[in-house]
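Asker: Assemble chain B onto chain A, guided by the hints.
Chains as they are written, first to last, in my numbering: chain A, 1 to 271; chain B, 1001 to 1109.
What the hints contain is simulated information worked out from the structure, not anything from laboratory work.
Be careful, since some hints might not be right.
To be verified - Taking lysine-lysine pairs in the DSSO-like style, the calculated list, with each CA pair at most 30 Å apart, reads:
id : chain 1 : residue 1 : chain 2 : residue 2
1  : B       : K1101     : B       : K1014
2  : B       : K1101     : A       : K269
3  : B       : K1004     : B       : K1101
4  : B       : K1004     : B       : K1056
5  : B       : K1054     : B       : K1002
6  : B       : K1056     : B       : K1101
7  : B       : K1014     : B       : K1004
8  : A       : K269      : B       : K1014
9  : B       : K1002     : B       : K1103
10 : B       : K1056     : B       : K1002
11 : A       : K269      : B       : K1004
12 : B       : K1103     : A       : K269
What the hints assert, rightly or not - Looking from chain B toward chain A, a few residues come up when the C-beta cut is under 7 Å (computed):
id : residue
13 : D1006
14 : A1007
15 : I1008
16 : E1009
17 : S1010
18 : G1011
19 : I1012
20 : T1073
21 : A1078
22 : Y1079
23 : Q1080
24 : Y1087
25 : I1088
26 : V1091
To be verified - Have a look at the derived ranges for each label pair, beta carbon to beta carbon:
id : chain 1 : residue 1 : chain 2 : residue 2 : range
27 : B       : R1030     : A       : G196      : 37 to 45 Å
28 : B       : G1061     : A       : E215      : 37 to 45 Å
29 : B       : Q1074     : A       : S236      : 25 to 33 Å
30 : A       : P214      : B       : K1103     : 27 to 35 Å
Glycine is no exception: its CB is placed at the ideal position from the N, C-alpha and C atoms.
Residues per chain, in single letters:
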Amino acid sequence: MALTIGSGTFTNGSTSVTGVAFTSGGASFISSGTLLGVGVSPMDRQVEAISATTNTITLREVWGGTTGAKQFTAAYTTEGLRDAIDAARGFSEQLANRSTATTTDMQTATNDVKIATPLKVKQAIDFHAYNKAAADAQFFSRSNIVGAVSQSGGVPTGAIIESGSNVNGEYVRYADGTLLISIRTARTLGVSTAYGNLYRTSGFNVDLPTQIIPERTTVSGSFYDANGNSGWILSSINNTTTQLNSLIAVGADNTASAARILDISIMSKWY
Amino acid sequence: MKIKLDAIESGIDKIDDIPPTVSGDTLTYRGEPYDLSQLPSGAEVEADLPFTDKLKRSVDGELSVSLQYFYTTQTAEAYQSMNINDYIFDVIDGECPCPIKRKPIEVSE
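Isolated chain A, as found in the complex (with noise of 0.2 Å):
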């Protein structure tokens, strides 16, 4: 790399360098601890420089010299090593400094994160932590994504997968609006009336844990009973969003009245 060569106006009593020109080099090369060397054969003096622009100098002192256009040579000295040194160690305190930010230094107003600089990793985290308990998370971690689900417009709100129970069964609720029902009820139920070379029970109604689609539902299931008989579960088109309405179930023996356990498993969708 050549040597930091050109020409400027320097006025006697003045810090102050202007209409400086760069032949090599340039003002970025020009900082605290910069030794300009003043006048080419032979060198007028040497002083020091402390910052510059594409078209000016500032020197530590005023100029002594008389006033005039001079060419210069710049060169670096020890002590602009060791400035060097002393704004590396400012960054790197900077950097330890910002682990104490807060979380409302991540966030816009409306809770978008700021684009980060990469200083802020500590409060990346902080900002996690917030946000997990906030009502609009967008961050999951295994702690959040089982909850309440719910949406908005189509879009989820919520966790990612809710499940529970009441009298009426169990269920899980994905965000994605996929419904999962699973029911064990005990009904009494006669299989006699004939249907083909099966037989059937009139039609009766099982109550929902949580409320379907109707019109995107599947049901399947079976029946049996301690007397070892068994066989299905037939859904109708009657169902509601609270109840599986005409279910029939059927088997293959004619069995009069008796205590039957059934077990219903049932695809649909909450949104």
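Answerer: Frame of chain A; chain B shown alone:
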């Protein structure tokens, strides 16, 4: 009056029903009063929602009704009692208890 609350998680509708109230033979639910005094002993009549079963009066004169009762997991625990007896109440006068286990109310930080 014997009241059975057919608890159903209300899903996307997020409805939390308020328990019915009883005054003599009149049941008030979802803002509507239902006067059941004309139902004779031993009789059963079909009824539409919010009733989920026939309205019945025993030969002893006791009324029994089943009501659709929505709750939402926004306010209620996901796992509710699976014992039917927890949803049946004998209410002489006043408000029927709510069988739904609620979430603790969150205190915002």
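Asker: Each hint should be assessed against the structure and marked as holding or not.
Answerer: Against the structure, the hints come out as follows:
no.: 1; hint: B:K1101 <-> B:K1014; verdict: holds, 16 Å
no.: 2; hint: B:K1101 <-> A:K269; verdict: holds, 25 Å
no.: 3; hint: B:K1004 <-> B:K1101; verdict: holds, 16 Å
no.: 4; hint: B:K1004 <-> B:K1056; verdict: holds, 12 Å
no.: 5; hint: B:K1054 <-> B:K1002; verdict: holds, 13 Å
no.: 6; hint: B:K1056 <-> B:K1101; verdict: holds, 28 Å
no.: 7; hint: B:K1014 <-> B:K1004; verdict: holds, 21 Å
no.: 8; hint: A:K269 <-> B:K1014; verdict: holds, 15 Å
no.: 9; hint: B:K1002 <-> B:K1103; verdict: holds, 27 Å
no.: 10; hint: B:K1056 <-> B:K1002; verdict: holds, 10 Å
no.: 11; hint: A:K269 <-> B:K1004; verdict: holds, 27 Å
no.: 12; hint: B:K1103 <-> A:K269; verdict: holds, 25 Å
no.: 13; hint: D1006; verdict: holds, 6 Å
no.: 14; hint: A1007; verdict: holds, 5 Å
no.: 15; hint: I1008; verdict: holds, 5 Å
no.: 16; hint: E1009; verdict: holds, 4 Å
no.: 17; hint: S1010; verdict: holds, 6 Å
no.: 18; hint: G1011; verdict: holds, 4 Å
no.: 19; hint: I1012; verdict: holds, 5 Å
no.: 20; hint: T1073; verdict: holds, 5 Å
no.: 21; hint: A1078; verdict: holds, 3 Å
no.: 22; hint: Y1079; verdict: holds, 5 Å
no.: 23; hint: Q1080; verdict: holds, 4 Å
no.: 24; hint: Y1087; verdict: holds, 6 Å
no.: 25; hint: I1088; verdict: violated, 10 Å
no.: 26; hint: V1091; verdict: violated, 19 Å
no.: 27; hint: B:R1030 <-> A:G196: 37 to 45 Å; verdict: holds, 44 Å
no.: 28; hint: B:G1061 <-> A:E215: 37 to 45 Å; verdict: holds, 43 Å
no.: 29; hint: B:Q1074 <-> A:S236: 25 to 33 Å; verdict: holds, 32 Å
no.: 30; hint: A:P214 <-> B:K1103: 27 to 35 Å; verdict: holds, 29 Å
The structure shown violates the earlier hints numbered 25, 26.
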